[in-house]
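Q: Each chain, written out:
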Amino acid sequence: MKFTSLLATAAMAIGLATGAVAQDKTKVGFVYVGPVGDGGWTYEHDKGRQAVEAHFGDKVETVFVESVPEGPDAERVMTQMALEGADLIFTTSFGYMDPTINVAKKFPDVKFEHATGYKTADNVSVYSARFYEGRAVQGHIAGKMTKSNIVGYIGSYPIPEVIRGINSAFIHARKVNPDVEFKIVWAYTWFDPAKEADAATVLIEQGADVILQHTDSTAPQAAAQKAGNVITFGQASDMSEYAPLPRVSSIIDNWAPYYIARTQAVMDGSWESANTWDGIGPGMVEIGEISDAVPAELKAEALALKDAIASGEYHPFTGPLNKQDGSAWLAEGEVADDGTLAGMNFYVEGIEGEIPQ
Amino acid sequence: MDLTEINPVLLVASLMVAATPLLLAAIGELVVEKSGVLNLGVEGMMIVGAISGFAVSVETGSPWLGFVAAAVGGALLSLLFVVLTQVALANQVASGLALTLFGLGLSALLGQSYVGIKPPSMAELNIPGISDLPVIGPILFGHDPILYLGIALTAAVWAVLKFTRAGLILRAVGENHDAAHALGYKVVRIRCLAILFGGACAGLGGAYISLIRVPQWTEGMTAGVGWIALALVVFASWKPWRVLLGAYLFGGVTVVQLNLQAAGVAIPVEYLAMSPYLITILVLVILSADKSRAPASLGRIFHASH
Amino acid sequence: MIVLEKRPQPSRAWSMSTPLVAVLATMFFGGLLFAALGKNPVEAIETIFWEPLFGEFAFYYRPQLLVKGAPLVLIAIGLSLGFRAGIWNIGAEGQYIMGAICGAGAGLAFYPVEGWFIFPIMVIAGALGGWAWAMIPALLKVRFGTNEILVSLMLVYVAEQLLASVSLGLLKNPEGFGFPGSRNLQSYASAHNAELFEGTGMHWGVVGALIAVIFAYVLLNRHMLGFHIRLTGEAPRAAKFAGVNPARLILFCLGLSGALAGLAGLFEVSGPSGVVSIDFNVGYGFTAIIVAFLGRLHPVGILLAGGLMALTYIGGEIAQSQLGLPAAAIQVFQGMLLFFLLALDLLTNYRIRAARKEVA
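Taken in sequence, the protein lines are chains Y, V and G.
Under our numbering, the first residue of the first sequence is numbered 379, with each subsequent residue one higher.
Under our numbering, the first residue of the second sequence is numbered 28, with each subsequent residue one higher.
Under our numbering, the first residue of the third sequence is numbered 103, with each subsequent residue one higher.
Just so you know, the hints here were simulated from the structure itself, not pulled from any lab data.
Watch out, some of these pointers could steer you wrong.
Straight-line distance between alpha carbons at most 20 angstroms, and here's what the computed PhoX-like set of lysine-lysine pairs gives [unchecked claim]:
1. Y/Lys553 <-> Y/Lys522
2. Y/Lys437 <-> Y/Lys425
3. Y/Lys497 <-> Y/Lys483
4. G/Lys274 <-> Y/Lys497
5. Y/Lys604 <-> V/Lys266
The structure displayed is predicted, hence computed values, not measured ones.
Whenever a hint applies, use it, and build me the whole structure from the sequences.
A: Okay, structure coming up:
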């Protein structure tokens, strides 16, 4: 080891020690990829952070830095939090994966939690939500509610997370309505409300009367409301300001229970590296209030489906299922394994169009 | 793939909506550049307009007041640009970029308490009988008032520049500020007014996004429209009607691209998404043969040295 | 009445002291802003300016200043040459992306072969990628007279789409479980632009930036080409008589700035960042334009301006996490700093005098 790095390590150790003496509060850091005012992804993570503060009161101190670009900037922000004595750091974007691992190596005593990634270490956990479980419920409602039999779907980028959602929604829409078709539009952006509005409008003009979105803004909701006779689902947050119509339900990311549990684990000294992929059951994915625009009977069905998924009795990807090209994927009664789901890069049978590569 | 699913009438109607924020911002910037000033801060002024308009219309319940506030907000931010470039004689390119940075930050600060709120909506023009006509109904008579304002503004700018003395003076200042000064025109004062007008227009464009097109408030929601508006002015070679054409082309390419996707045309999406920019470059090359050029004093600092 | 009087020669004293005055003014008004947000203004200012340089963890932040500042300086130096000649490349962001894609692509093409020759090939590929991207507006301008501001800006958006495309397709990590983004070059020894001395933040990009500063200084002050660049910017007609070939100058300036931006992208992707991903670019290409002007288009000035920008970024992040200042407040603060720096530059070239009313 070179002299300079020895020096750095020593200094870091001192920094850590002084940090630890100065406070007996548990310090929890959050690194956000967007502004806390994005009304979607980061907004929900920050609600989780506030829940941690509310739950533990004086026993915790939370810090956050928003709009941190993925890459070296993220690495610096994490290092800075660790230097300043954070005990637990949540890094809330897929692109923070390698920076998280890098920083975790330098600070073996600090615990890291990386959202939506797959690389773990002794002091790095990963966590993610099974949004596709919520998509199954949406698909069911969409398949029953559509009159034109065309469901529009706004995707961000063609990544496994989004493709999984499309498949899950499609399978359950087809199950209740064999004539339903999906029209999928890729916006190629995470965030551009104007473009999302355009995409929704286009889908509606081409006959879709249900719009599912995998982008975070309420722009598609407003477009649907303007068009009339179109239903939508809230994404990431509840978007209840558009209820009862067009928004008939929603998928909500609820990180609070997980954040509270992990913070508690650090306090107790019981924290261990884990790979958490939670769905409706543990409450990480919530189904927002199903509005009265949905017939009572259908609402009951949707809730029953939700309960079946929550209890583990039913898995949204249960065979028989074929891939788009007709080749067999899951046999009768077989359930998809998490590895395939995590890296899903194919459509299931019945969806038209190709995944852009 | 089924191209018959694309309804050309609806497509035209929705591309007009998509083009309006661009049009508003670009027509303002056109006036600014005609006066010989290059303000690269359009994105910043738009986003400040977006939040000013949003906040005021939520507080007062009136989208009209919101648009007034948006124009005022955009103009106020452009006042900073006036101070920098007309009073302190700072470099316009750098000042404009700084304005954008500042505007993005300022709007986010102002908008902290407006996330997740739905603004009051503006009624669409609805003339019984006429708005329901086939084809021309949805295209010509089924929009919100601001969309018409954008077109009216284009016509007004065109007429003023072409037929009035004020327009002549503005162009003279942009072509040769020293000569205009020698003739006794108040170069700085005229430019200040042009910049404020540009700021107000950009503010309106921003508010169109936050109040009508989307409508919601989110940080950074203009997502680069201001830059495209800047490009549009050059694209249009500083001619108002070409700005309108360009705005429709730009809005149109995006809408058509999404339409093709929804109709299941198997073209790689990323290449479709880059097509508006490539087409702009192509059109630009074709237009380069045109002899109409930029205002000669564009971006140059003016100081009256008697 | 107050009038401005142009100085016969820019004032050296003011040119040195205005940046300082501007920083002080920003501290004052920024302090007011922070106070309005309910934070202790003195503490906030101290956190932003003092903490990264001399605070408890300065040993970590000082090297980070190099990491953050190097790409800014490298790009800004290239841009400044063109700006001086009145050639406006504002698409450095796109050239930066293309440099990263080409450089990383060249490296990954060899994976998993190790060899000393791989990194140099990547450097060349990165520079060529940026150069080629800048040649599009250059050639269009030379051949058709097309406006380079617009073409270079449009190409940024095209490059962003290409970046998304290769992240999801061509360069996608085959062992990445289908997630977007390339292999991490940090774990591919031959392609890794590692720190030259551990813990110093010094990587090849920093070295490149310093070389670029020296090169630009020599070029502008000692070389005929530099003279031509300056002449074209200051007196285009005189330049024509002096035998400057405008087409060659356009090709040179745009090409060089493109190549330097491409290099910045390559050094970033192979070093601090490591992966080609959808959101790889973070706006260095645009910020560098501001840095170029803050540095008065002078190589040494750009070096200092790049450092100052890097300082506000890093200090701003510290202020966010320590004091809970919103990112937006930091942005506004940076905006203020730029305003004051630009506005006070007036004093370098002009004298402010109280004048009696007289007939012009």
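Q: Could you run down the list of hints and mark each one as holding or not?
A: Evaluated hints:
1. A C-alpha spacing of about 10 angstroms is found between Y/Lys553 and Y/Lys522, which places the hinted pair at or below 20 angstroms, so the restraint holds.
2. With a C-alpha separation of about 18 angstroms, the suggested pairing of Y/Lys437 with Y/Lys425 holds against the 20 angstroms cut-off.
3. Of the pairs offered as hints, the one joining Y/Lys497 and Y/Lys483 holds, with about 13 angstroms between alpha carbons and a cut-off of 20 angstroms not exceeded.
4. At most 20 angstroms may separate the alpha-carbon atoms for a hinted pair to count; G/Lys274 and Y/Lys497 meet this at roughly 17 angstroms.
5. Our distance criterion of 20 angstroms between C-alpha atoms is broken by Y/Lys604 and V/Lys266, whose separation comes to about 34 angstroms.
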